[in-house]
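Undergrad: Read off the chains here:
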Amino acid sequence: MSAADERAPLPGADFEEAAAVSRLRRVSVRKVAGRLLLNAVLALVCAAWTLPTLGLLVTSFRDPDMVSRSGWWTAARDPKGLSLDNYRTVLAGQDWSYVDSSGKTVRLRGENMLGAFGNSLAVTVPSVLIPILVAAFAAYGFAWLKFPGRKMLFVGIVALLAVPLQIALIPILRDYQKAGLNGSFLGVWLAHTGFGLPLATYLFYNYISTLPRSILESAFIDGASHYTCFTRLILPLAMPALASFAIFQFLWVWNDLLVALVFLSGGGRAMEVLTQRLLALAGTRGQDWHLLTAGAFVSMLLPLAVFFGLQKHFVRGLLAGSVKG
Amino acid sequence: MAKVELRNISKVYEGGVKAVENANIVVEDKEFVVFVGPSGCGKSTTLRMVAGLEDISSGELYIDGDLVNDVPPKDRNIAMVFQNYALYPHMSVYENMAFGLKIRKVDKAEIDRRVREAARILDIEGLLDRKPKALSGGQRQRVAVGRAIVRNPKVFLFDEPLSNLDAKLRVQMRAEIIELHDRLQATMIYVTHDQVEAMTMGDRIVVMRDGFVQQIGSPLYLYNSPVNKFVAGFIGSPPMNFLSVKVLEEGGKLVIDEGSFRLHPDDAHVGFLKAYVGKEVVFGIRPEDIPVAEGGKGQRIPAKVTVVEPLGAEIHLYASTPTQSMVARTSPQHHWRTNDKVEFAPLMEKARYFDRETELSIIPVAEEKKS
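For the protein sequence lines, the chains are A and B, in the order given.
Numbers 0 to 324, taken from numbering that gives the first Met the number 0, label the letters of the first sequence in order.
Numbers 0 to 370, taken from numbering that gives the first Met the number 0, label the letters of the second sequence in order.
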């Protein structure tokens, strides 16, 4: 029956039709109400999530006195109290003054955040790249090479996902002490690599093993070695997986305080990363809120940039057109 | 170009599953051979062993006279076209075709020449800069074929290359691949589950089932001289009719009894059927060999029409006796209706008989004459 036939009214069906229409209307009202409710809940969740961040943002522009005197939501009443002073202090360094033994006031300029920013970068970039490279090789092996013990090894790696990194800190620290890696960037890179590898390998394995086998076989017949296959086909095709792990690992390492405190403290203040500096900014008694908020926003800039930069790789469209489906 | 020879090739998977058993197949130089069979019959596994993508469990594989059992795929000088095209999605059409040559460090100008030549043959010159995802199914398959052509391999392997295309395109690509074979004068092995493809494309056909090669021969030879019931039923569309009948001896003459009708076998067949007197056999007859009787006298199969399939040029008439059913290919002049009574006049000299247990042809099949 064609669509036109279906729509043609049957004699004597008017009443039934009207009933059907009103039924339809009721259904659509219920549908709209459901939608509204859903959207309201979502909006609420979004607000609950973003409000604190908004509060931080507003506070970061406010005067220290005002921060302690009134809530951030009152800031709009007194727009003159907003300034970039906090950012200036955080970026350029804090002014310290004290009265020395002779009664003179001494002014000192504290360290700025730029050094810490650089350190964080120096820690983060290799800590993201090394595990990606190692894990991608490993995942390729697990997915496409046959070797004895493959399953057991892979199960072992997956099992490592469940091990909390805290229990490894002290043993590793002791080994680093012996190896002279304590307080060096290399030590932190290796630590982050080790902690990130199980997840990375698991993630990449899951992705790489879903790539159509025939693409690889076709490449083998074309004359490619495993290495060529890996670099020319698997790496570019696994970009979505690599990028999503890169974002996770980047955020994790960038925001990490624990691992940096344990393995980098030996390097002194010159090797401090952003999170350590933020901790210091808050003041020993947590009184320097205004600086903490500004510092937090400065430290957020790069992760945001990375996220938006890699965002398009989240779209899994890269495989489209290769094989049917 | 090259001859491919499989000697006693078997494939046993881990866990003991036998995919291919004792395959003996010779693909002559420049020949187009089709492996055909239902899914799971081992035809793809056999092809993949020729390609080197599967290990050979036992037996010997020769390409161009060389034993290549342990030679990796890239050194076998073969090219393969996959069912799902297997194009490299992040490369353009040009790069896809050039990939294998680049890896083999072929001179850049030579790569360019070969890619453009292949693109011209396949009529995809306008698509060279596109990515696979911007191509239609037929175009993708052409690129996959192009990727094989540029390599100029000894043997082309096709693994169900057309089964993802729609019916119309499939017919067109079928013709193009045949044309390509004539043009390149290359040895080609083509795997399909579609017997029409096998019949129309192959110089010779290898029919497989459950890991065993059933019969090898030219399309018409297989059609006319199937060695067993499986080949008889698999080759041809609509398939051969199989009726369960009993062989009887009546007054010194052999009869086959279906229950609702009796027929006298052809004189040439009587001698072989004698051994089956009193037993049931499978009587096989092709749909075109049971024309509808237009009066006159002779042997008749009475039946009742169940389904009429008018195809334009002919009608497929499905009919049944009280216990069994059959299909006949008839001319479109008649207007049949369901439940019409009909009488078929079987051409008994064309009939085949198969053993019920072994399913082998009771009438011996002559060897195919080498052309």
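There's no promise every hint is true.
Unchecked claim - If you anchor each label on the Cβ, the simulated ranges turn out as follows: (1) B:338 / A:32: 39 to 45 Å; (2) B:54 / A:205: 22 to 28 Å; (3) A:26 / B:287: 19 to 25 Å; (4) A:160 / B:65: 46 to 52 Å; (5) A:147 / B:274: 54 to 60 Å; (6) A:230 / B:69: 22 to 28 Å; (7) B:287 / A:17: 57 to 63 Å; (8) B:94 / A:155: 34 to 40 Å; (9) B:38 / A:238: 44 to 50 Å; (10) B:38 / A:32: 46 to 52 Å; (11) B:124 / A:306: 41 to 47 Å; (12) A:148 / B:54: 17 to 23 Å.
What the hints assert, rightly or not - Examples of chain B residues toward chain A, derived with CB under 7 Å: (13) 52; (14) 55; (15) 72; (16) 73; (17) 81; (18) 85; (19) 91; (20) 98; (21) 99; (22) 102; (23) 103; (24) 192.
Hints are computed from structural coordinates only; laboratory data are not their basis.
Don't be surprised by glycine CBs; every beta carbon is placed ideally from N, CA and C.
Undergrad: If a hint holds in the structure, say so; if it doesn't, say that too.
TA: Results of checking the hints against the structure:
1. B:338 / A:32: 39 to 45 Å: violated (57 Å)
2. B:54 / A:205: 22 to 28 Å: This hint holds: roughly 27 Å between Cβ atoms.
3. A:26 / B:287: 19 to 25 Å: violated (57 Å)
4. A:160 / B:65: 46 to 52 Å: holds (49 Å)
5. A:147 / B:274: 54 to 60 Å: This hint holds: roughly 56 Å between Cβ atoms.
6. A:230 / B:69: 22 to 28 Å: holds (26 Å)
7. B:287 / A:17: 57 to 63 Å: holds (59 Å)
8. B:94 / A:155: 34 to 40 Å: holds (39 Å)
9. B:38 / A:238: 44 to 50 Å: For residue 38 of chain B and residue 238 of chain A the Cβ distance comes to about 34 Å; the hint is violated.
10. B:38 / A:32: 46 to 52 Å: holds (51 Å)
11. B:124 / A:306: 41 to 47 Å: holds (42 Å)
12. A:148 / B:54: 17 to 23 Å: holds (20 Å)
13. 52: holds (5 Å)
14. 55: violated (16 Å)
15. 72: holds (5 Å)
16. 73: holds (4 Å)
17. 81: holds (4 Å)
18. 85: holds (4 Å)
19. 91: violated (11 Å)
20. 98: holds (6 Å)
21. 99: holds (3 Å)
22. 102: OK, holds: residue 102 of chain B within 7 Å of chain A, min 4 Å.
23. 103: Hint holds; residue 103 of chain B Cβ to chain A Cβ min 5 Å, cut 7 Å.
24. 192: violated (16 Å)
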